[in-house]
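Colleague: Each chain, letter by letter, is given below.
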Amino acid sequence: MSIRIGKAAEAPPFQEAARHALEDSQLRHNMRHATHVIRNKRNNIVGELPDWEQLRAAASAAKAHVMRYLDLYLEQFERNVIKAGGHVHWASDADEARQIIRDLVEQHGGKEVIKVKTMTSEEIELNPELAAHGITPYETDLAELIIQLGEDFSSHFVVPALHINHLQIRQIFKRKMPLEQMGLSDLGEKPPELAEAARRYLREKFLRVKIGVSGANFAIAETGSLVVVESEGNGRMCLTLPDVLITLVGIEKVVPTFQDLEVFFNMLARSATGERMSPYVSVWTAVNPNDGPKEFHVVLLDNGRTRVLEDEEGRQALHCIRCAACLNACPVYGRTGGHAYGAVYPGPIGAILMPQLQALEHSQSLPYASSLCGACYEACPVKINIPEVLIHLRSKLVQGKQEHIGGKLSRENIGMKMMSRVFQSESRLRRAHKLARLGQGPFKADGVVSSMPGFSAWTRSRDLPAIPKQSFREWWRDRGRQKRA
Amino acid sequence: MLVSLFVACYNDLLFPQTGRAVVKVLERLGHTVEFRSAQTCCGQMHYNTGYIRESEPLLRRFVETFRDAEVVCAPSSSCVAMIRDHYPKLAREMNDPGLVADVDQLVPRVFEFSEFLVKKLGVEDVGAYYPHRVTYHPACHSLRGLKLGDIPYRLLQKVRSLQLIELPEKEECCGFGGTFSIKNADTSQAMLADKVRTILDTEAELCIATDNSCLMHIFGSLHRGRTGVKTAHIAEVLASTEGEPFV
Amino acid sequence: MNNDSKTAILTRVRHAIGADATQTGRREAQRPSDWAQVPRQYRRTSTLPPQERITLLQAILKHYGATSYIAERNNVAEVIAHILRQRQKQKLVVPQEFPRQWIPADIEGLSDSGLSNEALDKIDGVLTGCTVAIASTGTIVLASGRDGRRAISLVPDYKLCVVRQDQIVEFLAEALEVLQPVKTNPLTFFSGPSATVDIEMTRVQGVHGPRTLDVVIVL
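Residue numbers (this note's numbering), protein chains in the order written: chain H, 1 to 485; chain X, 1001 to 1247; chain C, 2001 to 2219.
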């Protein structure tokens, strides 16, 4: 079974990718503006609710409950989908999921599909697969459309084109859309004009294409229903107008009952876009004789999720409802943007999910892409303790390294073991203090060290305070002696 | 009260003046301070970097050193957050029921310095005097870990002649994050640049915090940039009096 | 369908959570009480009187850029007629379940007997009732089978929705209770007209779906 998720295996380590991203001043500006806007909206709209913490407690407990009974809930979900006239497919990995979806489209002789944004389809790299087999996938989310036409990659899973500004969008539309045919040969740069261009470009596809592919925010075990939360209306188009609907959903998206939505509906839009509710929420159950597609297929995706489930501490990452509040709160993501993570899920949640999905074989630099400030945990509507899981993954990576001679002899490992030894003895500590004071001697001037061998990662941009002549414990010992004297 | 000082490993070596300031304030308030020299390090750096096994002996040593202390006070919110949030869990992972009991009994007696003054001693006015423009940076561990809230502000408001200026975007991390500042030096520096910019915008003469780890990072840039703005631990401002002003 | 993968996945799940296939009966019996342990201290019941619920709903609809009107039971058709004249809408699709007495006389109310997408695309707008409205979030919920099939509230560019006072609740939890009998019907929750924030976080109205929404609240 493949362990690769997207291009994570080939992505450069975060430190390297971040360095380049930080130098892109356009990106820096876009990221700062976007994350600050959403963050403020989110804080205001959450501040409106006196029972936000109670909602968080319920959401967290409900998700933990689902994981404890996940097998039973998945089986119940399947039974109810079938009872309501739908079909259920199970995909162990991305290869299998792609195959299932491709087969379904080919069985119906489809050459085109309309897609409503789903990160899961990016995770399994569905679009290239379809295109390689003569099937054209049309992204219909404005942001995904921009990404698709601009041959770019998503950098945020709620606002994927957050790293692109309106001028850049206009350029993409001018290059790739048949604007003259659409009656928009003098396309302006204001957002409403760009939205109008997207509307016209997509409308004829909605009314024509017969197969739709979607994801889902929630899968309800009690009824076999699915839920899609969206702002633009393209989701409703793809869920309602085609003849055949295929929904791809991760197995962790299951919730027990229709009633459980009362918690998540209250939290998702507030956390994701700072709105009380997203403009449209669609709930549907397989097929309905008078309304919507005649045929419905749901593809349940594992692709490493059972691996995450195995880790008692790490499995809380599966509670994620993909609101991206952690991305918006994160001081690291807010400066480097999503591409630096080299992963389909970036930001704090990506840093704990990506390595686990891939059995810690890839995305190994991501657990270190954090100062552990805790802003993500504070923002998370389902109370995923991201800092704790980051430390847990760091410990697994360290243990992994310590099992090989190369890791054992690494500077970091030796240094850490040495320091632990020093801290286990008062006399060793005092000796270490003296050595450090001596060692820094030639490099200090006016109480400061500006450069010192081995410390360049710090000193190339920051000064270091020099070690004072007397440590605290030495001062205390002298004071004691003076008092006795 | 007999207060057992846990000065924190980095303060011991790099910022002894912070320890001295804590002693001064507590003695001024009429308490006795003891310093158990067996103390070394709480193990946070190892733990956060993923060297859990290597942090376990440090947990043991901390517990052995302070097991029978009446109360422990530390001028480091990151150390206290390590002890409060992670020691109980780590002790359980070490499969030592005696140790777990010791940790569970000790943790409630461990305080960060500013919360010790306000919550344990019930004191906000410590008799301090510091006639300068000061801005306060809430360290992430103090803000989100220990949830100190307005405790530091209440203490600073009682410092005579001190002019406290609110730091814009104060809840943003300064970018230190322990080994993060080395492993991800570029991102760390980018975060620091924004923190320094907001500090300079306040036109304060001094930036203070409950943690010298953040302050060391902030100092690194304020000094390199020849900004003239200084950094100090909140204890040093609270220790300052007319007779013995903090400089 | 692909039972090998289903078995493999479920086996992995059970292994991951430390559950044995033989324990299934016992766990199935425990499941409901475990679910009942989920703490639900958030607000689930309204204390807001009906008039205040109306005011709240109207305020949030206005915030979304939707216009709302008040009508009495005996002048609903008049109010609707007035709005449609102002909007210059003449030909609308109306679900079969919509009360006949509320359709203004001079409006061409097309009954939705499986109108094609192309036909819906050319129509002036859609007129429906609703199943429940949520004041605290400005949400109106339509259930297929009661409020018309989904396509009619999707393809036309203009929508007028009639909400009875007794259909307005304050909280989402209350709305979901109202929806229990129709929870497996296709449901659509509308909270303002279509919008996007994908262009530099600027909220832009009306990408797809009706760009203009009018609401009539019947006392």
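Read the hints as simulated data drawn from the structure, not as lab findings. Among the clues, some could well be false.
Claimed, not checked - Sample of chain X residues lacking proximity to chain H, with all beta carbon distances greater than 12 Å (derived):
no.	residue
1	M1001
2	D1012
3	I1052
4	D1068
5	D1104
6	K1119
7	P1131
Said to hold, decoys possible - No farther apart than 27 Å at their CA atoms in a straight line, the calculated lysine-lysine pairs in the DSS-like style are these:
no.	chain 1	residue 1	chain 2	residue 2
8	C	K2091	H	K205
9	H	K469	X	K1230
10	H	K83	H	K210
11	C	K2122	H	K205
12	X	K1183	H	K417
What the hints assert, rightly or not - Rough simulated footprint, nothing fancy, chain H against chain X, three-plus residues with beta-carbon under 8 Å:
no.	stretch
13	1031-1040
14	1199-1210
In this text, a Cβ means the ideal position worked out from N, Cα and C, and glycines have one as well.
Colleague: Take a quick look at I1052/X and tell me if its Cβ sits farther than 12 Å from every Cβ on chain H, holds or violated.
Modeller: violated (5 Å)
Colleague: Can we trust that M1001/X is non-interface, i.e. its beta-carbon lies farther than 12 Å from all of chain H?
Modeller: holds (18 Å)
Colleague: Check the hint pairing K1183/X with K417/H against an upper bound of 27 Å on the C-alpha distance.
Modeller: holds (18 Å)
Colleague: Would you say K1119/X is clear of chain H, with no C-beta pair closer than or equal to 12 Å?
Modeller: holds (21 Å)
Colleague: Compute the least Cβ-Cβ separation between P1131/X and chain H, then decide whether it is above 12 Å.
Modeller: holds (24 Å)
Colleague: Please confirm whether D1104/X is truly not at the interface, meaning its C-beta sits more than 12 Å away from all C-beta atoms of chain H.
Modeller: About 19 Å separates D1104/X from the closest Cβ of chain H, which puts it past 12 Å; holds.
Colleague: D1068/X: least C-beta distance to chain H exceeds 12 Å?
Modeller: Non-interface label stands for D1068/X: nearest chain H Cβ at 18 Å, farther than 12 Å.
Colleague: Per the stated criterion, does the least C-beta distance between D1012/X and chain H lie above 12 Å, as a non-interface residue requires?
Modeller: violated (5 Å)
Colleague: With a C-beta cutoff of 8 Å, work out whether three or more residues of the stretch 1031-1040 of chain X approach chain H closely enough for the coverage to hold.
Modeller: holds (count 4)
Colleague: Mind checking, does the stretch 1199-1210 of chain X have 3 or more residues with a CB under 8 Å from chain H?
Modeller: Violated: only 0 residues of the stretch 1199-1210 of chain X have a Cβ under 8 Å from chain H.
Colleague: Between the alpha carbons of K2091/C and K205/H, is the straight-line distance 27 Å or under?
Modeller: At roughly 25 Å apart (the allowed maximum being 27 Å), K205/H and K2091/C satisfy the hint.
Colleague: Checking one constraint from the list: CA of K469/H to CA of K1230/X, max 27 Å. Satisfied?
Modeller: The given pair, whose Cα atoms are some 20 Å apart, holds under the 27 Å limit.
Figure legend: structure checked against the earlier numbered hints; hints not met, in rising order: 2, 3 and 14.
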